[in-house]
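Student: Residue numbers (our numbering), protein chains in the order written: chain A, 1 to 382; chain B, 1 to 291.
If you are wondering where the hints come from, they were derived from the structure by calculation, not from laboratory data.
Since the structure is predicted, the reported quantities are computational estimates derived from the model, not experimental observations.
Note that CB positions come from ideal geometry on N, CA and C, so glycine has one too.
Mixed in with the good hints, there may be bad ones.
[Said to hold, decoys possible] With a cut-off of at most 20 Å between alpha-carbon atoms, the simulated DMTMM-like pairs for lysine to aspartate or glutamate come out as follows: (1) A:242 / A:280; (2) A:242 / B:124; (3) B:127 / A:198; (4) B:2 / A:201; (5) A:294 / A:64; (6) B:127 / A:161; (7) A:190 / A:152; (8) B:2 / A:343; (9) B:2 / A:161; (10) A:378 / A:258; (11) A:298 / A:327; (12) A:378 / A:35; (13) A:330 / A:35; (14) A:78 / A:64; (15) A:187 / A:161; (16) B:2 / A:280.
[Stated by the list, open to error] Across the chosen pairs, the derived CB separations fall in these ranges: (17) A:164 / B:257: 14 to 22 Å; (18) A:120 / B:127: 53 to 61 Å; (19) B:276 / A:369: 20 to 28 Å.
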Amino acid sequence: MKKVLAITMAALMVAAMFAGCTPAGTAGGNAKNTEFVIGMSGPLTGGAAVYGVAVKNAAQMAVDEINAAGGLNGVNFKLIATDDQHDATKVATNYANLMNQGMQVSLGTVTTAPGLEFKPLAKEDNVFFLTPSASGDKIPEFDNGFQMCFADGNQGAVAADYVNNAGLTKIGVFYKSDDSYSNGIYKQFKENLDADIEVVETSFTEATSTDFATQISQLKECPFIFMPIYYQPAAVFMEQAKNEVPAGVTYYGCDGFDGLAGQLDLTTIPQEVSMLSHFDATATEGKAAEFVKKYTEKFGAETLNQFGASAYDCVYAIYGAMKELIDEGKEVTPQTTASDLCDMLKAKFTGGYTLAEGATGANIKWNADGTVAKGAVKYNLK
Amino acid sequence: MKFLETLLNGLSSGSTYAMIALGYTMVYGIAKMLNFAHGDVIMVGGYTLFVTAMTMGMHPLVALLLAVICCAILGVTIEKLAYKPLRGASPLAVLITAIGMSYLLQSMAQMIFGSADRMVRLFDLGKINIGSFRISAYTVVTLSCSAVIMVALSLFVKYTRIGRAMIAVSEDKAAAQLMGINVNFIITITFAIGSALAAFAGFFMVLKSPPVNSTLGAMPGIKAFTAAVIGGIGSIPGAMLGGILMGVVESFAQTSPVIAPFTVAIEFSILIVILLVRPSGILGKKRREKV
Numbered sequence: 001m002k003k004v005l006a007i008t009m010a011a012l013m014v015a016a017m018f019a020g021c022t023p024a025g026t027a028g029g030n031a032k033n034t035e036f037v038i039g040m041s042g043p044l045t046g047g048a049a050v051y052g053v054a055v056k057n058a059a060q061m062a063v064d065e066i067n068a069a070g071g072l073n074g075v076n077f078k079l080i081a082t083d084d085q086h087d088a089t090k091v092a093t094n095y096a097n098l099m100n101q102g103m104q105v106s107l108g109t110v111t112t113a114p115g116l117e118f119k120p121l122a123k124e125d126n127v128f129f130l131t132p133s134a135s136g137d138k139i140p141e142f143d144n145g146f147q148m149c150f151a152d153g154n155q156g157a158v159a160a161d162y163v164n165n166a167g168l169t170k171i172g173v174f175y176k177s178d179d180s181y182s183n184g185i186y187k188q189f190k191e192n193l194d195a196d197i198e199v200v201e202t203s204f205t206e207a208t209s210t211d212f213a214t215q216i217s218q219l220k221e222c223p224f225i226f227m228p229i230y231y232q233p234a235a236v237f238m239e240q241a242k243n244e245v246p247a248g249v250t251y252y253g254c255d256g257f258d259g260l261a262g263q264l265d266l267t268t269i270p271q272e273v274s275m276l277s278h279f280d281a282t283a284t285e286g287k288a289a290e291f292v293k294k295y296t297e298k299f300g301a302e303t304l305n306q307f308g309a310s311a312y313d314c315v316y317a318i319y320g321a322m323k324e325l326i327d328e329g330k331e332v333t334p335q336t337t338a339s340d341l342c343d344m345l346k347a348k349f350t351g352g353y354t355l356a357e358g359a360t361g362a363n364i365k366w367n368a369d370g371t372v373a374k375g376a377v378k379y380n381l382k
Numbered sequence: 001m002k003f004l005e006t007l008l009n010g011l012s013s014g015s016t017y018a019m020i021a022l023g024y025t026m027v028y029g030i031a032k033m034l035n036f037a038h039g040d041v042i043m044v045g046g047y048t049l050f051v052t053a054m055t056m057g058m059h060p061l062v063a064l065l066l067a068v069i070c071c072a073i074l075g076v077t078i079e080k081l082a083y084k085p086l087r088g089a090s091p092l093a094v095l096i097t098a099i100g101m102s103y104l105l106q107s108m109a110q111m112i113f114g115s116a117d118r119m120v121r122l123f124d125l126g127k128i129n130i131g132s133f134r135i136s137a138y139t140v141v142t143l144s145c146s147a148v149i150m151v152a153l154s155l156f157v158k159y160t161r162i163g164r165a166m167i168a169v170s171e172d173k174a175a176a177q178l179m180g181i182n183v184n185f186i187i188t189i190t191f192a193i194g195s196a197l198a199a200f201a202g203f204f205m206v207l208k209s210p211p212v213n214s215t216l217g218a219m220p221g222i223k224a225f226t227a228a229v230i231g232g233i234g235s236i237p238g239a240m241l242g243g244i245l246m247g248v249v250e251s252f253a254q255t256s257p258v259i260a261p262f263t264v265a266i267e268f269s270i271l272i273v274i275l276l277v278r279p280s281g282i283l284g285k286k287r288r289e290k291v
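Looking at chain B on its own, in the form it has when it is part of the complex (with noise of 0.2 Å):
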């Protein structure tokens, strides 16, 4: 009973990651680049949350609406400002740019917000009965949202004409270029998306853990991105076999005294096993490097 317990609790914090992850992941396929102001864009999720349901009393449902779009708008403007006049250039470059629009976020929210905690309290979900086995709503609502989530993410990239416009971009920039494909519209419509799915990784966030400050995304981000590596990044199943694979490790990793305060250093180190067994993560593609 209590490892079924702890392994749902993984799975709920794991679909979490995974949210994220797809954000990474999908960016990263498609730009060519990590952008690591993406964890902070769930902080501004969490901030959209405080002002729209608590400060202005809407209901949380219209408030996580008023927050997707919100992070979606963000995320395409960040991408138009910064990494836009970037590209072509230096990998590196691109890098230093999203490590600085990071604490660029992380400081304007300090000084709008300051620096104690807000609370946000939008539903109190109690409890759900199953003859004797109690599992918290939580729990439920995170793992089916995220589920159909992930299967409607999954159908958009299949099936949609943008969907394949993404692969196609993915694969090979130039040559989706050259038929006929808008590869900047597509980036955007990317980061619209990775963007959306932070605000919801928010709302399962400040669901769980009412307090929201200027570093509530900084290291769901990092576990995430580790998440996005250890699935191979690029791969959007990857993003959440990685995000699940990661909350369930940490979950388990708790419930034992004597490896609990070694937790994260845990979490971490799957990602060196995994890339000294399997290089480009457990469904990365294998690409040859032509010399």
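This is chain A alone, in the form it adopts within the complex (with noise of 0.2 Å):
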């Protein structure tokens, strides 16, 4: 009877061994395909879920647009979105499922984590992915990768591109020297600041952390106040400079001052609170506006975010390069396989390739390392 058993379990165990692989070779089972298939990977339950859904939403949004004007040539997108709850580990299975359902091109996943289990599989079997949202800067390591959210590293540039724009003249920084996160960022924000910006600049230590007196009486005649630093201190800064700043001026952060709002009542403060983003949700003109307006009307208001914006660009960005294809006389049909798209597709986006106008910006561009190029807007927090 153990023998039985023991047989059994082996046999068990192996069968699950070859449940868990993907033929090689067969990459993209899209040979029965009728429609373009778009797949994606994201947190559609879980604590994280309101990105996931956000970016499935506007992602289904723009397809149904697409599709209702007649799909690309006449063939209609599809698009699968498998649930990763943000857990790294579901990536492989959701990856094994969407290539077996026909995925030629992909949105990779929602969040960084498992964005990088993701990316070793889309790379091996050569799949084209632009994610909306996953801004690791080692997600788009590998040719065939690419972002429609600034990279994390990129965070400084960016910036700079803005204050370069914004017609300011007098700038205040306010960084902390013995932080990575802060010194990266400022470093590289400097290096890409128009030389004829005058820059007060003032810091502070984990050491000297609560009391900015000093660097409020340096900044306060400062209009525009950068601070590339985490919430808590930039918290403990406004709180001190309420009544010492002036309240037209414009505090401005990266993805630190996420979490900003639980750490202080943000009405409180009489200065504008801003941060580095490509999505504006207050925006009243333009395609960001179109976009909230048809988003709210279809989902409601509680995932409208930077994450569906993004996404729904990342639709028409998939949708308008294919489209340039077969405009040039290439031949793409459902039945492309993913790696002959990727080709066609890597090439276009590091060649210039232009979305006019989306959601999170205009005259969107990528590098050749498939971050992407275009300019950050100021997101007011309150």
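Put the two chains together into one complex, using the hints given.
Tutor: What follows is the structure, encoded as structure tokens:
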């Protein structure tokens, strides 16, 4: 009896081993496709669900719009969204499922940690992906990976670009000199900032992070203060500065400002609190405003965020690139393998392809390393 | 104008350091030991303010009074439990015990209140206008409060029986005992006063920056200790001077973008310079070592 059990167990284990594999060489079971298939993996349930759901909703909205307008050469698009619950261990299964369902091109993952699992799988099969929101620097490491959001390590350059174009002549900087995050962003910011903008530079260290009186008196004549720091010291600074700094001044932070609202009541801060972003949910005109209106009508305001806007642009960017390929006489059909499509799209995206207008910016281009090149906007936190 | 502002900011944070340094210097002067748990008494003061003012909704001044009492009791308890049994033991044993006490307090605070910051928002002090010159009310409050406290402390030490006994114990413990002074009682009083001052320092700190966490007192404690040594450890005016000096140097160092990242290094370098020139600190008594 024991022996039978053992053999059964062994057989089951062997079967399980094979079940986990995608047969090599048949990458993308897309031979039977009747539509172009876009696949994605994101947290549709769990703690990060608000991001995944936003991406899925907005991407589906873009797909529906494209299909309603006749698709691409009469062929419709289809979005397949799988749930990874922001758990990197679920990505391999999701990826295999997507490939079995005929995925030709992908939105990658919504968040960074699962994206790092997704990246080598997609590289192996040579599947093109354009992620709306996985901002890790390593996400576009391979030639088939592209980002629609700003890469984490690019925030300094992007912020400098924003300041250069904002018509400011004098700005203040408040950074943490013994912190690699803050230092890294500030260094890049300084390198990319126009030389004729006057900079009042102040800093603090871990050991001096409770009393900012001196820095505040240095900075209070600046109309714009760039703060590439995390939210805790930023909250302390804002509270100490609220009576010192004129009310019209703008504080501008990077992603470190995420969570600021949980640390202090922003309505008690008379100054403008904003952060680097590519999407402004309060926009009143342009493509962003259009997106906000359409999205809230369909899905409500609860999951309206930059993740969705970015996903919406991703679908349009992929659609636009495929349309250009067809116009150039390339053969792009639902039967085109993911790998062939990937080679064509890679050449497009690194060859100056532009999404003229999106919800997260205009004239969106991509650098050769897969990072996005577009303008940042100021996103007001209150 | 900028200069004056920087100076005032420095004086204000310096007076907080001075307040803490007084605790170090008094305990050293009388018990001849370095109470490294002193910085953490500030932290306990901060959490007491959190519980009384924020959770229980008491008036900030009542909360301050309770924090002062709490810290004084804590200081006395630490002395009775940890340091008194070691009287007569080697100074190194006492030092290690003090460091252990510091970690014990920090860990206990973390166990009770967690590692996330607790916000203590007491008053919104606003600004005071003097002609065209605007000065933050916080600076005025800390400066005047600490001036009052320091003057009161000096008068207490000089003119009361207990104060004079403190001086006597600090000068010669054995002789003081022979003259009928209860040395243990004097040491207890010293710990109580030092810890009460730490509570005031904690109050000033949260008044400026609301987040309270378990390491709130660690860095200010070390800076104040340095200030006490710069001023001459054991000397009360020396602690005040050293604290103010630390604050002013810190404030001015932060005004230069090039020097600012090295602020803390500069503060501690002053110690080295002072000790090279005057080994017993600015106002420290010169003691001839007898061989």
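Student: Enumerate the violated hints, using their earlier numbering and listing them in ascending order.
Tutor: 1, 3, 6, 8, 9, 11, 12, 16, 19
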